[in-house]
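K.L.:
These are the residues of each chain, in order.
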Amino acid sequence: MSEAKVNSPSERKGVRWTTLLVWGGVILLLVVLGWGLVRQAAGRPQQKAPDFTLQLFEGYEYKGQSQLTLSDLRGQVVVINFWAEWCVECKREADILEATWRAYRDKGVVFVGVDWVDVEPEARKYLVTYDISYPNGPDLGGRIGNDYGLTGVPETFFIGKTGSVEYFKTGPLTASELASRIDELLAQ
Amino acid sequence: MLADIGLIALILGLAAAFYAAVAAIYGSLKGVQGVAWIASARNALMVVWPLLTVSCGAMIGLLVIGDFQVEYVAMVTSRAMPTYLKVTALWGGQAGSLLFWSWVSAAFSALVMLRKWDSDRALLPYVVAISAITEIFFLTVVLVESPFAKLDFVPANGNGLSPLLRHPGMIIHPPMLYLGFVGFTIPYAFAMAALISGRLSDEWIHASRRWALAAWLFLSLGLVLGGRWAYDVLGWGGYWAWDPVENAALLPWLTGTAYLHSAVIQEKRGMLKSWNMVLITLTYGLVVSGTFLTRSGIISSVHAFARSAIGPMMFGFLAVMLVFSVYWLLRRLDALRAEHRLDALFSRETAFLVNNLLFLTATLSVFYGTFYPLFTELLIGEKITLRVGWYNQVVGPQLAAIVLLMGIAPLLSWRRASARRLGKAIWLPLVLSVFLVLFLIVEGINSVGALIGFGISLFVALVTLLEFWYGVRTRHRAKGESYLRALNEIVVRNRRRYGGYLIHLSIVLMAIGITGSHFFQEETQGTVQRGETVTLGGFTILYQGLNEWAESDELMISEAKVEVYRDKKLIATLKPRRDYYLNMAQAVTIPAVRSTISEDFYVMLVGWEQIGQDQATFKLYLNPLINWLWAGAVMLIFGTLVAGWPSRSALAVVSTAYRPGTIVTRKAGVA
Amino acid sequence: MRTGFVVLFLILMPLVPVVSADDGPSQDEVNAVASKLFCPVCENTPLDVCPTEACEQWREVIRTKLIEGQSEQEILDYFALMYGDSVLAQPPPRQLAAWLLPVVIFLAAVGTLVYWLRHSMRPVKVTAYAASEDQAEPVLESDPYIERLEKELAEWES
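Chains as they are written, first to last, in our numbering: chain A, 1 to 188; chain B, 1 to 671; chain C, 1 to 158.
Source of the hints: derived by calculation from the structure; they are not laboratory data. Be careful, since some hints might not be right.
[As the list claims (entries may be wrong)] Straight-line alpha carbon distances no greater than 27 Å define the calculated BS3-like cross-link-like pairs of lysine-lysine that follow:
| # | chain 1 | residue 1 | chain 2 | residue 2 |
| --- | --- | --- | --- | --- |
| 1 | B | Lys561 | B | Lys424 |
| 2 | A | Lys63 | A | Lys48 |
| 3 | A | Lys169 | B | Lys116 |
| 4 | A | Lys125 | A | Lys63 |
| 5 | A | Lys91 | A | Lys169 |
| 6 | C | Lys65 | A | Lys107 |
[What the hints assert, rightly or not] Residues on chain B that point at chain C, a partial pick, calculated with CB under 10 Å:
| # | residue |
| --- | --- |
| 7 | Thr53 |
| 8 | Leu353 |
| 9 | Asn356 |
| 10 | Gly369 |
| 11 | Pro373 |
| 12 | Ile380 |
| 13 | Gly381 |
| 14 | Leu386 |
| 15 | Gly389 |
| 16 | Gln393 |
| 17 | Val394 |
| 18 | Val395 |
| 19 | Gln398 |
| 20 | Lys619 |
Glycine residues also receive a C-beta, built at the ideal position from the N, C-alpha and C atoms.
In isolation and in its complexed conformation, chain A is listed as follows (with noise of 0.2 Å):
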């Protein structure tokens, strides 16, 4: 079969941009998507740890800062954890983690709590019920747990000295995991 010819010029013309603009269309629309895809997989292990600046809360402040930026701590290892007050599973862990904190802290290790989407009087609250010491701020916006992909809380992210995502624990950690996690990224 055969197809029949256009003639005219202005035809020519029509028919090359409807097919620039259409392809155009569909490899736009497939690299959004694509990129969509690519972006789930931010704040996995063997990727860079997204940056953030965190607004600590008074009376939780780090080396007397009352914000703390995660590139400054490069050469250490970093934990993050994300809470909220409202989060059953994170009361679980809240115990462990001070305690844990409380025995690297002076080990090259931080720990930094993400309050995650949560309400700052009762936030408040539980940071005193649990006893907690080590630097803790709101997620103002949800940007750093969304920077992370974060899906819930609690999530932890043990970040190495390099400043890339090593390990990443969705739910509560035991104590045992979060020190043998901690072990391994202060050898390297």
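Chain A is fixed; fit chains B and C onto it per the hints.
P.N.:
Relative to chain A, chains B and C alone:
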């Protein structure tokens, strides 16, 4: 044992589909000698469905028995679930729902193979190939998800379906949606067959018309059923939340409706040939991207399945499908020339084009809104989700314009409409609608949206009813038939037109329901002791007390009893309740509803704490006219059946469909 | 004066069961603000119907702020600041892209339609037939040169 049977049947199904694809392509390339290959391919494709039936049957068996060693069974069923829910759990999780999708797809493919192919046998090999390749893709994805995979221990009990899914809606809403989605594969396959084979006359549209209509009906019902289910269990008197997955199902419906209309232009005037190809490709493309969106997790949603590895695979399929379709569309673009040109701007053709314009604008708006979080994250690094407010303000007016058009287009003639004739036909509905609007304003209604909604609804209803009236009156005068007989005759002789009008009337009913419930919903919330009352509108409820019991060892039910009074008279006793699922630590509130034609009175037991015997919190809703929405949906089924019902001649064709030798004979030299 | 009090009392009577024992905003007033917000954590659930403990806390925040005398807009702004613009039922005017694009889409669609209509109504000449079998479809084209030629031929002939 059952799991092994299921898996083997699945693999055999994939093998059959693979053979069908290869044989169809090979046969079409071989020209005349390929005819036997094509027949073989057709048979192979038909065999896929019985094999998948065995596979699905095995899975249903496993679910009902409760063989928790199979991982999927442990995920979606639990001991205390009622049997009907265990069966519906087939589509309750990712792997099972993909298996079910493949089964529906195979059923459609088999049915298409059974139709009479004499008049368009040139399209057969391509339809077989495309159906088979689609089947191959989905079966591969199913195998990757491994629904029959076993755990290395046997759990004592399964998790069970998510509490929100434990509702009779689970029986029918997903299957209807799948029928709609998968159904659009067939017209798409026909369109692609026409493009690839170069047979660019209208045969593909004729052949696939009823398939498209059926798919559209199923999709419409699936959407309405989803709305009804949400209304029943979500507990905020709402039925549509513009949730991304809901939108994903709406998008192909919008383009599908546009397609059904513009296909009429192609059949009547030979125009818009390339555009119809584009529309059906777009519809199917939206189906595929919709399922990609739902299953990949790139947009978060209440409906989304858990993130899994098949996201990239679905993306791959979408990419291949788009590139393949666009390539062939562009390649054949020149040959898809219209037979006629537009005679006049003021004509029914233009009205249909405006219809398409409005539907496409709505499609693009909803698409944009759904993927907005992705776009904003890409451009500004922050994920922003658009909510109900944006959609209602943007898409609402677009849909209202479409409804308005429903009242104007039937009054325009083909080719060239006269303003005079339009004026004669339109003045009465217009005047009466304006009267209605004025009346409503006098009655105190000042919401512009509501006034427009009701005004347009009455206008379109009157125009459509008048169309029936003119037809009946003409026949009555000309043939002396009784009015009833005349009505029957005009409908039977012109099913498509009058069926279409019935569908338009159903849409009007739904529009009235939506307008009433959206603009005039009232609500209140109150905490009361036993014996106290809460009032909303003219209704008062009296809290009588609470009953709590364990329905099973997984389910605790708290049921409140309230008496409903209106004008001091007891009109109903309602029992809203809270179902608490212990193993999942999740509760579902089931409202109690009193439904009448004018409104729904909706009572919900709220509170996430322990509800006390003496004190309870209730949320009351008044949803005016909501039942017009559901009534309209029922009428829609009827209207579509009328529109699509085959005439006597068509029926004769179908009954002689599959006989040996129906496909094969071809003259030499004719490909 | 006394009649006034009696009337006021009678008007307020039906409200007694609804307004709970503690004074302050009623549940309906809290819900009125909450209905313009979405639960920051749950998927697509309005804040006034969300049954979780977290949502209960957020409604408490609204109640507290209402008691403090904050306006509805101030409360909405606070939530947008704390949890992002996504919690608002209605995107604020600063979200330009959200409002602009539907307009752009509509204009683009209208433009395409107008273009197609004008193109479709130009006079045409049949110049060739496609050679595919089973089709006698004329290839229609409107070549301005051929049109001009035909016109001049017609003039020449007359």
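K.L.:
Does each hint hold? Answer for all of them.
P.N.:
To see whether the hints hold, each was checked on the structure:
This hinted pair does not check out: B/Lys561 and B/Lys424 have alpha carbons roughly 57 Å apart, beyond 27 Å. Of the supplied pair hints, the one linking A/Lys63 and A/Lys48 holds, its CA atoms being roughly 25 Å apart against a limit of 27 Å. Taken as a hint, the A/Lys169 and B/Lys116 pair is broken in the structure, with Cα atoms around 58 Å apart against an allowance of 27 Å. Taken as a hint, the A/Lys125 and A/Lys63 pair is honoured in the structure, with Cα atoms around 23 Å apart against an allowance of 27 Å.
Note on A/Lys91 and A/Lys169: the hinted pairing holds, with a Cα-Cα distance of about 15 Å set against a maximum of 27 Å. A C-alpha spacing of about 44 Å is found between C/Lys65 and A/Lys107, which places the hinted pair above 27 Å, so the restraint is violated. Against a cut-off of 10 Å between C-beta atoms, the interface hint on B/Thr53 is violated, since the closest Cβ of chain C lies about 35 Å away. Against a cut-off of 10 Å between C-beta atoms, the interface hint on B/Leu353 holds, since the closest Cβ of chain C lies about 6 Å away.
Checking B/Asn356 against chain C: minimum C-beta separation of about 8 Å stays under 10 Å; hint holds. Annotation: interface hint on B/Gly369 holds; nearest CB of chain C at approximately 8 Å, less than 10 Å. Interface hint at B/Pro373: satisfied, since its Cβ lies 8 Å from the closest Cβ of chain C, which is below the 10 Å cut-off. Here the hint on B/Ile380 is kept, as its CB sits about 9 Å from the closest CB of chain C, short of 10 Å.
A least Cβ separation of about 12 Å between B/Gly381 and chain C goes past the 10 Å threshold, and the interface hint is therefore violated. A cut of 10 Å between beta carbons decides the hint on B/Leu386: the least distance to chain C is about 6 Å, and the hint holds. The criterion of a C-beta within 10 Å of any C-beta in chain C is met by B/Gly389, whose closest approach is roughly 3 Å, and the hint holds. Hint on B/Gln393 holds. Least Cβ distance to chain C is approximately 8 Å, under the 10 Å limit.
Checking B/Val394 against chain C: minimum C-beta separation of about 5 Å stays under 10 Å; hint holds. Among the interface hints, the one on B/Val395 holds; its C-beta lies about 8 Å from the nearest C-beta in chain C, closer than the 10 Å criterion. Of the supplied interface hints, the one on B/Gln398 holds, with its beta-carbon coming within about 8 Å of a beta-carbon of chain C, less than 10 Å. Proximity of B/Lys619 to chain C holds as hinted, the smallest CB-CB distance being about 8 Å (cut-off 10 Å).
Hint compliance for this structure: hints 1, 3, 6, 7 and 13 are broken, all remaining hints hold.
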